[in-house]
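Protein chains: 2
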Amino acid sequence: MSKGVTKQSEDFSKWYTDVVRQAKLADYGPVKGTMVIRPYGYAIWENFQGILNQMFKDTGHVNAYFPMFIPEHFLKKEAEHVEGFAPEVAVVTHAGGKELEEPLIVRPTSETIIWHMYKKWISSYRDLPLLINQWANVVRWEMRTRLFLRTTEFLWQEGHTAHATAEEAEEETLRMLEVYKRFAEDYMAMPVITGQKTESEKFAGAVNTYSIEAMMRDTKALQAGTSHYLGQNFAKAFEVTFQNKDNKEELVYATSWGVSTRLVGGLIMCHGDDKGLILPPRVAPHQVVIIPIFRNDTKDLVMGKVAELVGELKAVSVRVHVDDDEKASPGFKFNEWEMCGVPMRVEIGPKDIEKGQAVVVIRHSGVKHFVALTELATFLAGQVVTVQDELFQRALDFREANTHTVENWEEFKETLETKGGFIKAFWNGSAEVEAKIKEETKATIRCIPFDRPGVIGKCVYTGDEGSQQVLFARAY
Amino acid sequence: MSKGVTKQSEDFSKWYTDVVRQAKLADYGPVKGTMVIRPYGYAIWENFQGILNQMFKDTGHVNAYFPMFIPEHFLKKEAEHVEGFAPEVAVVTHAGGKELEEPLIVRPTSETIIWHMYKKWISSYRDLPLLINQWANVVRWEMRTRLFLRTTEFLWQEGHTAHATAEEAEEETLRMLEVYKRFAEDYMAMPVITGQKTESEKFAGAVNTYSIEAMMRDTKALQAGTSHYLGQNFAKAFEVTFQNKDNKEELVYATSWGVSTRLVGGLIMCHGDDKGLILPPRVAPHQVVIIPIFRNDTKDLVMGKVAELVGELKAVSVRVHVDDDEKASPGFKFNEWEMCGVPMRVEIGPKDIEKGQAVVVIRHSGVKHFVALTELATFLAGQVVTVQDELFQRALDFREANTHTVENWEEFKETLETKGGFIKAFWNGSAEVEAKIKEETKATIRCIPFDRPGVIGKCVYTGDEGSQQVLFARAY
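Residue numbers (numbering that gives the first Met the number 0), protein chains in the order written: chain A, 0 to 475; chain B, 0 to 475.
Some clues are possibly wrong.
Only pairs whose alpha carbons sit at most 20 Å apart, straight line, appear in this in silico SDA-like list of lysine to any residue [as the list claims (entries may be wrong)]:
#, chain 1, residue 1, chain 2, residue 2
1, B, K119, A, Q21
2, B, K313, A, R318
3, B, K56, A, V309
4, A, K56, B, K435
5, A, K244, A, W408
6, B, K56, A, V321
7, A, K412, A, T440
8, A, K23, B, K118
9, A, K326, B, S122
10, A, K201, A, H368
11, B, K118, A, Y27
12, A, K326, B, D245
13, B, K97, A, K180
14, B, K23, A, K31
15, A, K201, A, E438
16, A, K244, B, E325
17, B, K119, A, D26
18, A, K180, A, P29
19, B, K23, A, V321
20, A, K350, A, E438
21, B, K247, B, S122
22, B, K313, A, V321
23, B, K326, A, D126
24, B, K435, B, R473
25, B, K326, A, L129
26, A, K23, B, K23
27, B, K441, B, S12
28, A, K97, B, W120
29, A, K97, B, E87
30, B, K423, B, V359
31, B, K97, A, E438
32, B, K56, B, E141
33, B, K97, A, V137
34, B, K97, A, A85
35, B, K119, A, R20
36, A, K119, B, K119
37, A, K235, A, D126
38, A, K31, B, R473
Note that these hints are calculated values from the structure, not bench results.
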């Protein structure tokens, strides 16, 4: 851990891998493209789960669990869906020592099996809305993988809801997008832009896909969560109808929405620096690490004070960890916990105690505070809020500084090459133009943001009048 | 839901399936042997998870996540392990549109992939003990399946720990068995017998397997959790050594332990009756259901009082649900919530309010209490404890009443045929005898209980002197 990491400016991608490995967040699994989530990385994911789960329950959802194996023919029932997912599925052909009559798909997402079940559970408007979420593993056989960001197996949650009207389903789609935005911004301190995906970027089987898009510290974009309005597509494919209030049979309206362990990758790349990880306090496994400094003759004094402090911090709900490993030096520990991104470090030794104080170092700013021991717990509890706010503001400032509005194609290309970042530009709505821009620059339309100027303008590629402003970026 | 269920005495197996389906705990999935865990059943599992997770953390464990796909050759590295699991694995042969070079096993348990990783993480005694738990889905292709009890895919937790000494690993094995016993008894109100498995019943790859065994209401046994001392078997297979304090290379010692969604089946069969499910309060999604009774002109009065009560119950941490569905009659709701096993029902109407009281009905005993509204929250909070204790005592009494000590083979067969239950008898330790008893009676040795008489006696089958007492039963 003391080795340090590659500088971000030198090789951002290598920096990322170094941090993930050295902070012991994850490791490669034995099968290409798979990931082992190590305890420290998993603790972050557990914090995400706990918060999101509460947010889902607060918006009326319940959890359930559906089987991971999907009969192959299910996938084919929704034409766009199979086209999108068939190329990347893993297939079970043998089980229990025999070849199966029908191969089984390992779920890449669960719309098909869930709507197969919803057919059995829904018959009347009284059964609606059905608001179910599932925490599960899914498999998508990707060629180019990267720890957390894109792995063949990943963990996620997938919400699948059924509604009596299109309006209600559309409302739900946007409500959950808003939940994701709140989670990203209020907990991960990661500002996001919400908007609609273009036709070519939408989910296979959706009517509309919406996403939250964040900027990483290399100014590239990360799609951090999606929410889909599925219309009646899956209800049609799986023949899910209900008797409405007028006693008429009607197809059910659907949504689905998900975020995954990819968010952990987003967290790392949104806040980290050349010393390693930086974790926002609200999602950090440890908010404070205490490094006691002592020799044999001062151990009791220092550890006694530390025990007192731990008690005070727990009383104000601050998550604290004491690193009392006597085999490592304080200097080694400083580096180690900076690598691991713990938001605040407390150093406390006999001289500090004599002066009635301790040293507090803030991870992201490096600012050092000398704080009276009597004030320490209150100070740290306050810093949980302050650090969280500062990290959000820093990420927001960074995004604003790296978002550029361009008028024409030359400017587009030059900005992307020399500055990178998010590019706001007008686009004529043509999928062909979208594809050409991608081909020429590797930039994609991240979304058609909800928040955009009321004006229309000239398409950055074709010059067509009457085009709408969209957000371009190179993305993960 | 108002249909009622088959009587236990008529057909216990059908009773079980009726309850699972009608209380909406689970449903069959489209692939044979798979199960959909519906929200009410999943809420029970979530309660289990929350409690167990805390117990694991309190005993020093952390969570992590390992990939579900295991290279086929891993399984073969431990001879007994592959023999035990190979016949029931599901195999992925194709992924991403291509045939894989090496087939992948969908984990039936994760020892092999975890010990492959432990080799990378362990090098010195300083890295030990390593105390990791994982919450995951696993797949075992079983021929005869039953909802919750035996499904091809199930959810579980699997602890995998690594230690520097055999003693420490053995201690850990028994510590976790004790955690399972405490969980079963204190939370599920399900008394269990702890003991060691025989050679033929132990985990494939273990040195010793220990289990908790519970009695269901048909007097059959359910193995509800297992804890394995693996010795150095997996360390040897995966070459996991560490430098001990004397600077010598040594193989690591291991344990693994797990409980699964099978526990939900155990809960149902340990407490349920002819009216349906009975849930112990500590694991019940709703501890209290309130059924308001009103007409249009008394709705405000009643619902106002109900809202007050809900506030009071939440303040004393009682999980309460209000069934205010105006389309169903109170009588229908009584049946429905009895079917769903909610421990306490509160009925409250305008006449009750006039008298300043409410009716409380205890699910398992049918006892009716008329309780002053001012005392209601306190009364119900008290009943959470009382009902929990009563259910445990009832299950314990039932087990004791159905446990028989027999002296000879005739008595063994007759007791099993006429009374069923647990049978305590002496056994000479021969696997052949064990197999013959199983063949002739379908009874297996559930365990060699920790708590058994200090005497030895005559083998029930062969009459051999010097045999030890063990626990026989027919089992799920």
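Evaluation of the provided hints:
1. B/K119 <-> A/Q21: With a Cα-Cα distance of about 13 Å, the restraint between B/K119 and A/Q21 holds, given a limit of 20 Å.
2. B/K313 <-> A/R318: violated, 26 Å
3. B/K56 <-> A/V309: holds, 18 Å
4. A/K56 <-> B/K435: violated, 53 Å
5. A/K244 <-> A/W408: Status violated; Cα separation ~54 Å.
6. B/K56 <-> A/V321: Answer holds: B/K56 to A/V321 is near 17 Å, not above 20 Å.
7. A/K412 <-> A/T440: Roughly 7 Å between the alpha carbons, so the hint for A/K412 and A/T440 holds.
8. A/K23 <-> B/K118: The hint holds at about 15 Å.
9. A/K326 <-> B/S122: Measuring from Cα to Cα gives roughly 16 Å; hence the hint holds.
10. A/K201 <-> A/H368: violated, 49 Å
11. B/K118 <-> A/Y27: holds, 13 Å
12. A/K326 <-> B/D245: Given that 20 Å is the threshold and the Cα spacing comes to 17 Å, the pair holds.
13. B/K97 <-> A/K180: Roughly 38 Å separates the two Cα atoms, so the pair is violated.
14. B/K23 <-> A/K31: Violated - the C-alpha atoms of A/K31 and B/K23 are around 40 Å apart, more than 20 Å.
15. A/K201 <-> A/E438: holds, 18 Å
16. A/K244 <-> B/E325: holds, 16 Å
17. B/K119 <-> A/D26: holds, 10 Å
18. A/K180 <-> A/P29: violated, 35 Å
19. B/K23 <-> A/V321: violated, 46 Å
20. A/K350 <-> A/E438: violated, 63 Å
21. B/K247 <-> B/S122: holds, 11 Å
22. B/K313 <-> A/V321: Violated, at roughly 35 Å.
23. B/K326 <-> A/D126: Given that 20 Å is the threshold and the Cα spacing comes to 13 Å, the pair holds.
24. B/K435 <-> B/R473: holds, 14 Å
25. B/K326 <-> A/L129: Distance ~18 Å between B/K326 and A/L129 Cα, so the pair holds.
26. A/K23 <-> B/K23: violated, 42 Å
27. B/K441 <-> B/S12: holds, 17 Å
28. A/K97 <-> B/W120: violated, 37 Å
29. A/K97 <-> B/E87: Since the Cα atoms of A/K97 and B/E87 sit roughly 10 Å apart, the hinted pair holds (cutoff 20 Å).
30. B/K423 <-> B/V359: violated, 41 Å
31. B/K97 <-> A/E438: violated, 27 Å
32. B/K56 <-> B/E141: Not satisfied, since the Cα-Cα distance of roughly 32 Å exceeds 20 Å.
33. B/K97 <-> A/V137: holds, 19 Å
34. B/K97 <-> A/A85: With Cα atoms ~12 Å apart, B/K97 and A/A85 stay inside 20 Å; holds.
35. B/K119 <-> A/R20: Between B/K119 and A/R20 the Cα gap is close to 12 Å, so the pair holds against 20 Å.
36. A/K119 <-> B/K119: violated, 48 Å
37. A/K235 <-> A/D126: holds, 18 Å
38. A/K31 <-> B/R473: Distance of about 45 Å is beyond 20 Å: violated.
Hint check: violations occur at hints 2, 4, 5, 10, 13, 14, 18, 19, 20, 22, 26, 28, 30, 31, 32, 36 and 38; the rest are consistent with the structure.
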